[in-house]
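Undergrad: This is what each chain is made of:
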Amino acid sequence: MSIHIDVWSDVVCPWCYIGKRRLETALGRFEHDVTVTWHSFQLDPTIPAGTREPVHEMLAKKIGAPASQVRAMTHQVTQLAEAEGLTYDLGHAISVNTRDAHRVAHLAGQHGLGTEMHEALLKAHLSDAAVVDDPDTLVRLAAEVGVPEDEAADVVRGTKYGAEVDADIRRARQLGISGVPFFLINQKYGISGAQPADAFLNALRKVHAES
Amino acid sequence: MPETPAEQIDDEQTPAEELPPLIILEGAEDAPVCENGVCL
Numbered sequence: 001m002s003i004h005i006d007v008w009s010d011v012v013c014p015w016c017y018i019g020k021r022r023l024e025t026a027l028g029r030f031e032h033d034v035t036v037t038w039h040s041f042q043l044d045p046t047i048p049a050g051t052r053e054p055v056h057e058m059l060a061k062k063i064g065a066p067a068s069q070v071r072a073m074t075h076q077v078t079q080l081a082e083a084e085g086l087t088y089d090l091g092h093a094i095s096v097n098t099r100d101a102h103r104v105a106h107l108a109g110q111h112g113l114g115t116e117m118h119e120a121l122l123k124a125h126l127s128d129a130a131v132v133d134d135p136d137t138l139v140r141l142a143a144e145v146g147v148p149e150d151e152a153a154d155v156v157r158g159t160k161y162g163a164e165v166d167a168d169i170r171r172a173r174q175l176g177i178s179g180v181p182f183f184l185i186n187q188k189y190g191i192s193g194a195q196p197a198d199a200f201l202n203a204l205r206k207v208h209a210e211s
Numbered sequence: 001m002p003e004t005p006a007e008q009i010d011d012e013q014t015p016a017e018e019l020p021p022l023i024i025l026e027g028a029e030d031a032p033v034c035e036n037g038v039c040l
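The listed protein sequences correspond, in order, to chains A and B.
UniProt numbering numbers the first residue of the first sequence as 1 and each following residue consecutively.
UniProt numbering numbers the first residue of the second sequence as 1 and each following residue consecutively.
Check the hints yourself; a few may be wrong.
[As the list claims (entries may be wrong)] Have a look at the derived ranges for each label pair, beta carbon to beta carbon:
(1) A/A83 to B/V38: 19 to 29 Å
(2) A/R157 to B/E35: 30 to 40 Å
(3) A/V131 to B/V38: 12 to 22 Å
(4) A/H75 to B/E35: 18 to 28 Å
(5) B/D30 to A/D136: 12 to 22 Å
For the record, the hints were derived by calculation from the structure and aren't laboratory data.
The C-beta atom is built at its ideal place from N, Cα and C for all residues, glycine as well.
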């Protein structure tokens, strides 16, 4: 029996990128085939479209702490990312509404490039401090992973795949998902958070043994 | 590995009994997530 993993993630989520790497490490050590589908989740869908703010300032407002304290707090996640081979630049990252990025990710998914697009968006925001609601940036990232540029531009300029984003978020709500990353194996088993690779591997082996 | 039912949610479209059980992994409760826009 094949194994399929559905993953809910937001493209501005530091733990999601770390979780993605850890899952990939586990998949590299797992003895059987696994397919993965990335699903949309918005950590803050209330951010007005077009609003841009440095991540540290946004977080400082949310938790009521000075930006200097937030910088110290994000140091930990940056170090953990480094352990997974990821270079974060949260000091320059810009908080945006991620709906358009997710719409483009769904287009990429239609081309079998959903994982590649999600990777590109995570890297753009977390490592490259790219603004992932900028239309030109979204089109460029999509084209770089192999999505036809004209299709990406059409999606970015319009409202296509909004229903798919909504459906992903609705399903997440139905599953009780309040935080990401969240991993659902074979529509049956849920795993929350950026688990260590060994934990993912143990879960995969358990599911395979039961199938 | 112990298992526990997924958290029941208030949603008219999906009855709670259709929700998948969660595999609770060792240390899973400590696995970091981003929630409510905060990822610290």
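Undergrad: Evaluate each hint against the coordinates.
TA: Cross-check of the supplied hints:
| no. | hint | result |
| --- | --- | --- |
| 1 | A/A83 to B/V38: 19 to 29 Å | holds (22 Å) |
| 2 | A/R157 to B/E35: 30 to 40 Å | holds (32 Å) |
| 3 | A/V131 to B/V38: 12 to 22 Å | holds (20 Å) |
| 4 | A/H75 to B/E35: 18 to 28 Å | holds (20 Å) |
| 5 | B/D30 to A/D136: 12 to 22 Å | violated (40 Å) |
Hint 5 from the earlier list is the only one contradicted by this structure; the remaining hints agree with it.
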